[in-house]
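**Student:** Here is what each chain is made of, one letter per residue.
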Amino acid sequence: MLIELGKVGRRYRMGQGEFWALKDVTLGIPEGQLVTILGPSGSGKSTLLNIMGGIDRADAGTVRVAGVDLSHASERDLTQFRRDTVGFVFQFFNLIPNLTVRENVEVTADIAKKPLSIDEVLEAVALSPMAGRFPSELSGGEQQRVSLARAVVKNPALLLADEPTGSLDFVTSRDILRLLVQINETYHTTIVLVTHNAAIADMTDRLIRLRSGEIEEDCLVGRRIKAEEVTW
Amino acid sequence: MNTLLKRLPRTIRSNQWLVYGCVALVVMSCMLYVSINALLVDISESKTRFERESRIESATFLPREPFADLSTFEQDHGFAIERRREVDAAAGQGLALRVFEHTARVNIPAITSGRDLQADDEMLLGQTVATALKARLGTTMTLLGRSFTVVGFASVPDYMYPIRTTDDAGIMLDPKAFGIAVITPSAMDALAPEALATWHIRTVDGSTSTAKQELTRTVGLTFWQDLTANPRYTLATAKLEGAASVSTTMPLVILLLTCLLLAAAQGRIVRMQRAQLGTLKALGYSTWELVVHELALPAIIALAGSVLGILMSILTMRPLLDLMVSYFSIPLYVTTVPWPSIIFGLVAPVALLVPAVALVATRLLSQTPVKLMQTTVANNHVNLLERSVHLRGGSFRKRFATRTAIRGLTRLALLMLGAMLAGYLLLFGGAMRDSMDSLIRSAFRDTTYNYTYVLTAPRVENPWGGESLTIAPFTTADGRLTFQAMGLPATSTLLVPRNTKGEAIPIDRVIITRALADKLGLEVGESLAVTQTATAQDLTLTVDAVAEMYATAAVILPQSRLNSIIGAPAGSFNALFSTARLDVPSQDVVMTMSMAESKAAFDSVIEPVWIVLGLIAVFAVFIALMALSVVTTLTVEEERHSISVLKVLGYHADELNAMVLGSGIIAVVAGFAISVPLLLSSWRSLFAKTTSTMTFSLPIRLSPLSILVCFVIMLATYLVSLRAARSKVQSVGMAVSLKAARE
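Chains as they are written, first to last, in my numbering: chain A, 5 to 236; chain B, 30 to 772.
Mixed in with the good hints there might be a few duds.
[Claimed, not checked] For lysine to any residue, the following SDA-like pairs were computed, each having C-alpha atoms within a straight-line distance of at most 25 Å: (1) B/Lys400 / A/Thr66; (2) B/Lys400 / A/Asp123; (3) B/Lys400 / A/Ala116; (4) A/Lys11 / A/Ser216; (5) B/Lys35 / A/Ala135.
Simulated from the structure, these hints should not be mistaken for lab results.
Chain A on its own, in the form it takes in the complex (with noise of 0.2 Å):
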């Protein structure tokens, strides 16, 4: 497995009570699956994936991420961990703004292990032409592409994807599917996303469904779909 979580809380202090955003969440991901956590708001789905990510702590239960146990980790491992394993995606892109499209790749490729070819990679995601134009200059789905190059140029072995299709349309969305899709099948990269799409979980491997910060549900999808197929 190259995720094991094994009863995992996350507590958040609200005034002066507090409030349990996870809850005995146990789940384990092998290599190469494509995952989708589910749910609405409020639900822990971000929480976990960012517990996942190695970018927030659980306050309780075990967390085992590609080897490396995540629950007692230090700061220093952490970071470590960050930059060897994993890739994120986030729903508002978070890219620097003044660094160019291929900066922006730079800055990841600059302190990765074994880097994908930069060049390569904004090929792959449709971005050459624009690769010195800044971000402001781009649109939401060229600015999530770029996310993605950022992601991917570090050859993962997971990627964490919060909401990658939050702020796009429709057509634009389809087509971050499809990139995401593609790297999965590529560069065999585990691949987790959260949405509150329930239409993204047909193009993936398994459905993790979240309800209040406990599973509520988590199954294999049936028969995968191209991304290209997905609709809502």
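Since the structure of chain A is already known, use the hints to place chain B on it.
**Tutor:** Just chain B now, with coordinates in the frame of chain A:
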């Protein structure tokens, strides 16, 4: 090149004004600090070398009897003694020169330009007068009817601060009206054979007590003045020390406050990038890598500012040095590279800015990437104060402005710091003007006489008119301060000592001037232990009243009492005050002084002060503009989200300007208000120290008018920076900033 580093030039370009403003602040602070310190090192070292190489005297004296065998006396005690004659000569265009004969063993003239004397028709002209008159070598001057060619410019060590007299006008240097000249002894024989001759002694270690005892025993003394009681030396020393205190403290304070201001501003810039830093952290960058990256900009600002500042200080150092040297008449022996100041100037901004920003960045980056990314440009955190303040009354705009102020308390503190710094500098000019003004008024208010004549000997008869008085020099028991004792008749009308209420104090008691009271820390009823300078007789006086006179440290006694103290005949006098010129024969007068000349001299001293004040005011306005611009830029950046939302809702840029930036006025007023007591207290302690050995005291004053003028300048500066910020508010796009808030 590290990819992250590529952000740097773009960050600089997109925040040009902020970055250049920060650099300019460091440049100015560094330049001020380095050039002033270098200047003082050079002047101070030049003075020390001048004293050594020109063999400055340890004391001046007049022997009662001639020396039987001077060279044996010198050898027996290790002294160097030399007689020097001097005569005052008019040199045309209102210039009077004190002409000395060239000495060879004590107080040797130092040639600052040209060459030494080789013939009897040659003269050396004092450096200060030469500079003031832009005199050239080779010109001819007529002194007492004889022609002399100026072959060199020179400084004489016991006239380091070349003033004509050492009493009321003593603090005034007017190089266009008075200077010194040196001719050969044989030329002096021909020019003025009966010229006044004084004796000058140089001891091995500079101490004079043994010398005084031996001279008293061997030839007797009619006059004795230690070098440390010679205002022409002590004023130079005190002014240099005073300049050193002001000049090292002020630029250091400015440099440190600038660094503090910038560190705070840079810290906020780092905080504004928290979402980006969170993303980079999520991508695998370590806290250390990101902290180092965030330090690049402050390091560049600090380094560029300090290097440019140091380069500019090298350019300004020489003109400043020339100005100082001509003012003090000290030959410039050294122009050292001020390494300690340069290193401090170079290191201080980096050493203060970089760790401060590192601290902010490290603290910020200790948070998880998620937390960093969650709190985006629109900061959703509501602090305790915001929660506890319940605003109900007033318009929405006012309440919004108040909320923005409460929300950005540290920002307001930053603005207050900038206003305080600028206010301090502006008020510096105001206080200097008011204090000098007060000094001048106190110097001339109580004196209605226009001329002072000091006679060669006490007289009982007064065939010339005017008001007679007796004067005698006194020294404090510890020898630290020499001042004048004035014996006035009870009917004195030309000099009327007055108390704080402006009422005349009757001259039937011991009155000390405020300048003396300040220096010695004396109050009414306390005792004043003094030594009569010429006779070394000790006595103790009880202070009965203090006269509000700042220009002269003096004790005023009934004339009969002073006569009895100094052993002068009853009813005698040795000086005259007069409103009109008196016809006193020149052989009976040691010195004549005109108040008109004193006033002219004062004006000439004040003139460069105005230039300095003007420069300081420009500097202050610049600092205020920079500080205010930095803070307003930060405010607009931090409030982008609110500005954008309000724009979407239909608010105009002007309204937004007032709502977002309007609360800054509170900080500006508060900062300015704090700078008033800060300036007064720091100046009082500073000047009490630096004028302790001078014959005057500087009353530190700051008039309401000056405060008002400075405040108006400050307010105008703030309004200008607000005007500039208006364009920044206008440039905040609606869609762009809303998108930025999400990112």
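**Student:** If a hint holds in the structure, say so; if it does not, say that too.
**Tutor:** Cross-check of the supplied hints:
1. A distance of roughly 21 Å separates the Cα atoms of B/Lys400 and A/Thr66; the hinted pair therefore holds under the 25 Å criterion.
2. Distance check on the hinted pair: B/Lys400 and A/Asp123 sit about 33 Å apart at the alpha-carbon level, beyond 25 Å; violated.
3. With a C-alpha separation of about 24 Å, the suggested pair B/Lys400 and A/Ala116 falls inside the 25 Å cut-off, and the hint holds.
4. A threshold of 25 Å between alpha carbons decides the hint, and for A/Lys11 with A/Ser216 the separation of about 15 Å falls inside it, so the pair holds.
5. Of the supplied pair hints, the one linking B/Lys35 and A/Ala135 holds, its CA atoms being roughly 15 Å apart against a limit of 25 Å.
Hint 2 alone, counting from the list given before, is not met by this structure.
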